[in-house]
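S.K.: Work from the hints to combine the two standalone chains into their complex.
Residue numbers (our numbering), protein chains in the order written: chain A, 1 to 202; chain B, 1 to 217.
Everything labelled a hint here was simulated from the structure, so no lab data went into it. Fair warning: this is a prediction, and the values are worked out from it, not measured in the lab. Every residue gets a Cβ at the ideal spot worked out from N, C-alpha and C, and that includes glycine. Hints are supplied without guarantee of correctness; some may be wrong.
To be verified - Selected chain B positions facing chain A (Cβ under 7 Å, derived; list incomplete): (1) 56; (2) 65; (3) 81; (4) 87; (5) 136; (6) 178; (7) 179; (8) 182; (9) 208; (10) 209; (11) 217.
Chain residues, written in single-letter form:
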Amino acid sequence: MDCQKAQRLIHDLGNGASLDVQRHVSECSDCRVTQQRALHLQQLLAIKRHENPGPHYFDNFLSNFHNRLAQETAPQPTVWQRVLARLHIEPAPRLRYGFTHALGVAFAVTLMWRGLVATDLPVNTTRSVDNDSLVPELTTSGLPAPHSTPRMIASALPSPTVPPASAFLMPAAALRDMSAPRYILDRISLSPASYELASIHF
Amino acid sequence: MTALQKLAGKFKPQTIEQARRAEHVIDLSQADDETLVARVQGGDMPAYDHLVQRYKERIYATVYHMTSNHEDANDLVQDAFIKAYKSIGGFKRESSFYTWIYRIAVNRTLNHLKRGKNRFHFSLDDIDTHIQNDPDFVELMSHVTPRREVGLNELQEKLNEALQKVSESHRAVVVMHDVQGMTHADIAKTLKCSEGTVRSRLFYARQQLQGILSDYL
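Chain B extracted, bound-state conformation (with noise of 0.2 Å):
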């Protein structure tokens, strides 16, 4: 046996290994949440971080709207996956994996805000430079008011701010409604309350934000 057959011998079986373990991730990056739910049912820890990684930056961004902090939002992101991991074997699979973890999310970060524990500090994002292509910003800045004297990020914050002022129930409907883009239907069924309650506190929550805001409108 020369020098390279045993060198080729003693990588063999790690080659195969790691070409296994290759499969295997993109086998389960590819795979539908139910796929990853059943396989973390039956103890696969390595499909709950596609999950996680799936789904963590559309939680955080809820999460993030309603708290306007970044290290509520993280810890709250957190928790909230670690609370569906820990009851993941309970999960019925009657809903979506994300309406689930969505809905999991949205209520701690209710119960946090009722508790008053929100850091009262706001964490101003980077705005993308995808702004400056949306037809609503353009509108909106276009309009002969106040507004164009303004920066954007004295815009964010004044809205983050009258955001903070409005109830932590009807911040919610606001953010899922309209920065989320949310259907009615999908919120009542997230926050488990009818539509018409839904409508009620969009409408006043509205109502609140034109009357904070009206320099800015």
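The shape of chain A in the complex, shown without the other chains (with noise of 0.2 Å):
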């Protein structure tokens, strides 16, 4: 037996080792050696066994055991109360409630002034067949889309005041015909109307 192999099963076997490795031992003085620094080791390292943290050391376990359950089994705290809580913002109901009615406010502020710019008209611009900002976008049924503002609506409108573009090829007096109205009330009536059925004479 080589001695690298005996001193393998030393450390192995420590000392139930075999009749080979102790007839080796017994031969080799470096084996020997090994096998009683091994030994001293494992008497060395036996003092660890004698450790003890005290007797009262686990008085407590139990309960921080019980603590760190609940801890770990508690519900997590949301991302409002995490930045609160990394804040150092105390009252955090009636803050997260402020904070909640100063957004809707800003919200509704910010929808109004929305609004309020899209149906401003610029000082300049005339209505005019070319004006193509203002046309609002019609949908495939031919009704303007939804976001069309009140007033591109009725921009897009036909105005009643431009003749159609074929009115500029008919004669002058044609084109004064279909201005005019149609229903010309003759007499306004000072009596009043009345409902009842008129009485019928045979």
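M.R.: Below you can see the structure in the form of structure tokens.
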């Protein structure tokens, strides 16, 4: 048996080494020293078996364990609670409602402001056929898109004062006839209107 | 009805309840691990308390020898019990509860040490008086070497320092084999590696420790 193998077996088996190993150790001084040192190391390590933390060390172990378990199984704080905790702000519920209200008001003001800006026409803008920016988008059904503002819709509708393009090709008399009102109220009756059935005389 | 009867009637239910509780406690403390685990899996927390009480010191010893620090050892043992409690529903009882919790504790300790989070100051435990009767210790102190001149506390400190110089995985094997007295097979099961790996780690760890502690051997 060579020394390398013998030393491995000494470490593996300790005092219970086989006869072959014991024979080799009795003949080889190097391996004998190795065996002695291995034995001493094990004896030194045995000191650790007798280390004790003290008689009352574990008195609170169970209660500490319960506390930690309760902490770990407790519901986790929300993002809002974590932010407030980091900022060291105490009256969290009141602030939360206040913040929500402020956010709501800001949102409403923004909506109103955007609405006013959208409905406001530029001062020098004249209504014309070429003003594409004011023409609302039409849906497939021909109706204005829902996001069109009332002013945009109004500008897109054909103006009663502007004659159609074909009117320029018509004679002036015909054009006058077309622009004239079709129905004329001849007279205005001053007598009140009666909804009673007229008496029928046979 | 006399005043005494009234008093007896008033206290009777409480006495019965106390007796039932006492009976419950006695039963649980005498119950084996499988019964306790089954009860915990059914939601019985006091049964888990008994398991904690039963194994905390043994697990603490292993973790302490690996970390050489009380605070770390205490935190890690509690972590291990909390982790085991949370996942006890999935415990299939293929191994004993002790093997299972021991494996959890050792793995958590190894992870903790690998992250380098352990506190680098040693807690020197009290050494119990039984050491004077330990044949290993008696033989160790009987040798004619410088060991005779060093105190027990110094030996303990040097030993802890030497153990901290060995890598985590090698240290775990030395602690489990040479300090705790576990077999190669049990260590292999705990660390989920082969027995050959355990033997190899043990050999190299001892070689390293012999080099560090050459003045005391």
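S.K.: Provide an ascending list of the numbers of those earlier hints which the structure does not satisfy.
M.R.: 4, 8, 9
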